[in-house]
Amino acid sequence: MQPPVTGPPAAAADAVPRAAAIMRGWHALGDGVSPLSNGSGRPLARTIKLVLDPLVIRPVQNPHLAGYSLTATAASELIERIVDAGDTLRATAAWFVLLKAARRTLGITDGNPQEKYFQRSFELARTHGAPDPEIAESTATDAVQEIAQVGGQNLMTRIREIVHDSIEADRLHGELVDAWNARRPTANAVADAETLIFDVLDACGTNAVPDVARLIDTRAGSAAASALELSGGARALGLTALERPTMPELGTNASKRSLPLPFDRSVFERLFAVLSGSTSVEIDLSADEVLSDEILRTAQAWQLADEESRTIMMLGVEASHALEPVALLRPSNAHRLLNGRWEREAYVRRVRRLPADVSGVPPAIRDDVRSVRQGYLRRLWVRLHGRELRGLSTSAGELWNTLDGALRSVVMDQRHRLKIAIGRGDEVSI
Amino acid sequence: MSLWISIEDGTAVISASASFAERPPLRTAMIEARGALLSWDAAAGERFPDAEIHTPLEAAGWLEEIYGGAIAAAVRAGEDTSHPLPSDAELVDAAHHLAQLLWARDWWPAGIYTPSLSHPILAAEIAVAAHTAEHLLDDDDAVERALHDALDAPSALAAAPARYRDDAAALVDALTDLADDNGVALNLAMLTTPEDWALAAGSRAQTGDGIEIGHGTAPVRWADVPFQTVAADSDAQWSLRHVDGVPHLHVSVAAVPGATAELWARFGPESLDIDVPLRGDGIAFTGAVQVAASVALLPLEDRTLWVRDPILAPVPGPAESEADRDAVRAHAVSRLDDPEASLAERAAGE
Numbered sequence: 001m002q003p004p005v006t007g008p009p010a011a012a013a014d015a016v017p018r019a020a021a022i023m024r025g026w027h028a029l030g031d032g033v034s035p036l037s038n039g040s041g042r043p044l045a046r047t048i049k050l051v052l053d054p055l056v057i058r059p060v061q062n063p064h065l066a067g068y069s070l071t072a073t074a075a076s077e078l079i080e081r082i083v084d085a086g087d088t089l090r091a092t093a094a095w096f097v098l099l100k101a102a103r104r105t106l107g108i109t110d111g112n113p114q115e116k117y118f119q120r121s122f123e124l125a126r127t128h129g130a131p132d133p134e135i136a137e138s139t140a141t142d143a144v145q146e147i148a149q150v151g152g153q154n155l156m157t158r159i160r161e162i163v164h165d166s167i168e169a170d171r172l173h174g175e176l177v178d179a180w181n182a183r184r185p186t187a188n189a190v191a192d193a194e195t196l197i198f199d200v201l202d203a204c205g206t207n208a209v210p211d212v213a214r215l216i217d218t219r220a221g222s223a224a225a226s227a228l229e230l231s232g233g234a235r236a237l238g239l240t241a242l243e244r245p246t247m248p249e250l251g252t253n254a255s256k257r258s259l260p261l262p263f264d265r266s267v268f269e270r271l272f273a274v275l276s277g278s279t280s281v282e283i284d285l286s287a288d289e290v291l292s293d294e295i296l297r298t299a300q301a302w303q304l305a306d307e308e309s310r311t312i313m314m315l316g317v318e319a320s321h322a323l324e325p326v327a328l329l330r331p332s333n334a335h336r337l338l339n340g341r342w343e344r345e346a347y348v349r350r351v352r353r354l355p356a357d358v359s360g361v362p363p364a365i366r367d368d369v370r371s372v373r374q375g376y377l378r379r380l381w382v383r384l385h386g387r388e389l390r391g392l393s394t395s396a397g398e399l400w401n402t403l404d405g406a407l408r409s410v411v412m413d414q415r416h417r418l419k420i421a422i423g424r425g426d427e428v429s430i
Numbered sequence: 431m432s433l434w435i436s437i438e439d440g441t442a443v444i445s446a447s448a449s450f451a452e453r454p455p456l457r458t459a460m461i462e463a464r465g466a467l468l469s470w471d472a473a474a475g476e477r478f479p480d481a482e483i484h485t486p487l488e489a490a491g492w493l494e495e496i497y498g499g500a501i502a503a504a505v506r507a508g509e510d511t512s513h514p515l516p517s518d519a520e521l522v523d524a525a526h527h528l529a530q531l532l533w534a535r536d537w538w539p540a541g542i543y544t545p546s547l548s549h550p551i552l553a554a555e556i557a558v559a560a561h562t563a564e565h566l567l568d569d570d571d572a573v574e575r576a577l578h579d580a581l582d583a584p585s586a587l588a589a590a591p592a593r594y595r596d597d598a599a600a601l602v603d604a605l606t607d608l609a610d611d612n613g614v615a616l617n618l619a620m621l622t623t624p625e626d627w628a629l630a631a632g633s634r635a636q637t638g639d640g641i642e643i644g645h646g647t648a649p650v651r652w653a654d655v656p657f658q659t660v661a662a663d664s665d666a667q668w669s670l671r672h673v674d675g676v677p678h679l680h681v682s683v684a685a686v687p688g689a690t691a692e693l694w695a696r697f698g699p700e701s702l703d704i705d706v707p708l709r710g711d712g713i714a715f716t717g718a719v720q721v722a723a724s725v726a727l728l729p730l731e732d733r734t735l736w737v738r739d740p741i742l743a744p745v746p747g748p749a750e751s752e753a754d755r756d757a758v759r760a761h762a763v764s765r766l767d768d769p770e771a772s773l774a775e776r777a778a779g780e
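Same order as they appear, the protein sequences are chains A and B. Numbering follows the numbering used here, with no gaps: position 110 of the first sequence is 110. Heads up: take any position in the second sequence, counting from 1, add 430, and you land on the numbering used here.
Bound conformation, chain A alone:
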C-alpha cells in the first residue's frame, strides 16, 4: 500500500481540471502519439491508466498532481511532465504499432492489445528510443512472444497439470488443511476505526485523497472479517451460498459460465477466474508458488492476502448499504454517489429501452438485479482477488474508482443480460 496522499486541495479560484491539463500536455505532442489517442486526439482512457499516470505523471509519488483538480502551478508541472516525456511517448506509440503488427504475424488473438502492450511499448521506448528499422521488427516479435509466454494461459496449463497429478494434489490438499487449521480470529480494530471509515468514504469522489493508510494500520479490515464467521454472515454479503465459509476444494476443473460464489470456489476455480481471462496477466511466479499462495489466501481474512484488499472489502460492505432500500442516517459522499448511480439505473434502462421493472425477466437475472448489493460485493472481491494475484496495489487515489467501478461493472453486466433476455444481444461479454 502506498503512503497516504496529503496534497492540499486546489483552491477553487485557480483550480484547473486535471483531465484538462492532461489534454493540454497531450495536444502539445502532435500526431506522433495518435496510436495512443482516441478519435478526437485525446489520450485513451487506457493510455492514462497504463502509461501517463503510472509512468509519467506518477501521482502517488507526486501527490500534488493527484485528484480531480489541480492548482495552476501543479497543472503547469503536469503539462511539463507530459511534454518532457514527448520523445518517449511518441516512441511508445511507434512501438505499439510494431507490437500489434507482430501480434498479427504470430497469429495471437487473445487479450486486448492496448492492455497487453502499452506498458511494454513504453519500456521499449525507454530502452531503445524510437524503433530502429534494423532491429525493430525482431525486437517487437520477441516482446510479443515473451508476453504470450508469461501470460495467464501458460501458467494455467501448468497449474492444471499439477492439480491432475495425484501426488501433487495430495500434497496441496495437505497444505490446504494445514492453512485452515492455523486460522485465528483477528483482534478487534481500534476504537476510532468507525470515524476513519466514515472519513475515508466521505473523501471519495471529492478532491481530497482519503487517508486509507491510517485505516489499514488499524487492521480494521481484518477485524471486520470476523462477521463472516457468524451464521449466515458471509452469505448475507453474497460471498457464499453456505451458512458459514468452509475450506475450499483444491479442484481440477472450472467453467467461466458456472463459477460458484467466491468463497465456494475451489482453489483451481479461483486461479482460473483470473488467469484465463482476456486481460493481460504477467505473473513472475511459478505455478507451484501461485498454488501455494492461493491456498494460504483462502484461509485468511476475507480470503484475501493483503490488508489493503481487506480494508477495501470492508469499505465496500459499508458503502454498499447505499444500495439497499433503506435511508441512511449519516451517508458519506461514497454512499451518496453509489446510491445515485443505482437510482439512475432504472431511468437509464428506460431510455435504452431495457426493462426498468424487472419483475418479468427470467428469475436468475431478476434476483441479481434485486440483490445488487451482494452482486456488487462479489464483483469487488473478484477484482481485489485478481489484483492480488497480479501483484497490483490500489493507491488511495484509486480507491473511489475501485469502489465505484465495481458497481459500474455490475450494472453494465445487468444491462447486457437484460439485452439478451429481450433478444437484443448475444452471449459475448467483456
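The hints are simulated quantities; they were obtained by calculation from the structure and are not laboratory data. This one's a predicted model, so the numbers in the text were calculated from it and none came from an experiment. All clues given are correct.
To give an idea of the chain B side of the interface with chain A (calculated C-beta under 8 Å), a few residues:
| hint | residue |
| --- | --- |
| 1 | Pro455 |
| 2 | Met460 |
| 3 | His484 |
| 4 | Ala490 |
| 5 | Ala524 |
| 6 | Glu564 |
| 7 | His565 |
| 8 | Asp569 |
| 9 | Asp570 |
| 10 | Asp610 |
| 11 | Phe657 |
Have a look at the derived ranges for each label pair, beta carbon to beta carbon:
| hint | chain 1 | residue 1 | chain 2 | residue 2 | range |
| --- | --- | --- | --- | --- | --- |
| 12 | A | Ser359 | B | Ala760 | 30 to 36 Å |
| 13 | A | Arg344 | B | Ala760 | 27 to 33 Å |
| 14 | A | Gln61 | B | Pro514 | 42 to 48 Å |
| 15 | A | Leu329 | B | Ser432 | 38 to 44 Å |
| 16 | A | Gly30 | B | Arg595 | 30 to 36 Å |
| 17 | A | Asn62 | B | Ala500 | 27 to 33 Å |
Think of the CB as a built atom: it goes at the ideal place given N, C-alpha and C, for glycine as much as any other residue.
Dock chain B against chain A, hints included.
Relative to the frame of chain A, chain B by itself:
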C-alpha cells in the same frame, strides 16, 4: 438563446430551459458521461444537450469541450446563472452524433412507412463515434463493448448501396483499425445480401373465419415491445368472431419486416385473464384464442388491448404521447435523405 445553470443538493443542471424537465424515453438521445448524464431531444435539432451533473469535479474534466469555457467555469464555481450559447464547444457535435446513434439503435420507429435500419452498420457507426468521444464516457470499455455489437458490420457494409460505397469503405477501415487496437475479431464472412437492407414494410390484417361480432384497434406502446419488432406506425387490431358458435378473439399487429419476438396481447381487464400469444411470420404478429361468450358483452371502455413483450413490460405503463411519437416518426423520415445523417439512416432511405 441561453443555457441555464442551476445547482441544487450538489447536482448541477444545465438546460436550454429555465425549468428543466425529463423527456419521455422514446425521444431522449442520451450519453452517460463521466459525472453526468447528457441528453438531447432526439426529434429536435438542438445542438447543446441538457446535463444533470451529479459529480461536478469529475465532469469538470470534459465540460469545457461540450459547453465552452464560460459555462464550465460557472459550474465549477457553483453559480446559478445563465450564459449565451457558447462558440468554443469543440466536442458537442461529436457527442451529439453518438447520442443520436444510440437513440436510433433503441428507438428508430421502423414500420410501414419508415424502413428499418441495418443493426450492424449502426453498431459500426456507434463504435467509431464512441472512440471519438471515449474520454468523456462513463465506461472505459465503451469502445470494446460497441465493437462486440459490430462484429457483422463488414459484410453488411460490403452490401451497401452503390452511392454510399465510399462511405461504407471508410467505415470498414475505421472499424478494422479499432478492432485491431482492441483485439476484437470482426466477422469477415460475407453473409449479408442487398435484400437484407431496408425492406418495404407492409402489414397484413388477419381477418379470421366466422362472423364478426366486434372489432377495434389500440396503439402499441413502443416501450412495451423490443426495438424494430412491431411496426411503429401501426395500431394493433382485434376482432371478436363466432366460429361454429364459439367466440374467438383474434389479434394482429403489423411487424417490422422479418422481425421475430415473443409477444402477448392482453384483452380486457386483467381479471378476465385473456392473454393471447402472438406468433410472428415476418409480416405480422397474430394470434387467436377461444373466449367466454360474456366477452361480447364487455362495455366499450373495457375492450382494451395491451400488446407487449412480458419481459420488457411486466405491468402496463401510461400511454405514450401521440405528439411525441409523431415528432419521432417525422424526424426519422427526414433523416432518410439528409446528407448529414448516419450511413445507416441514409442507406435505409435507398
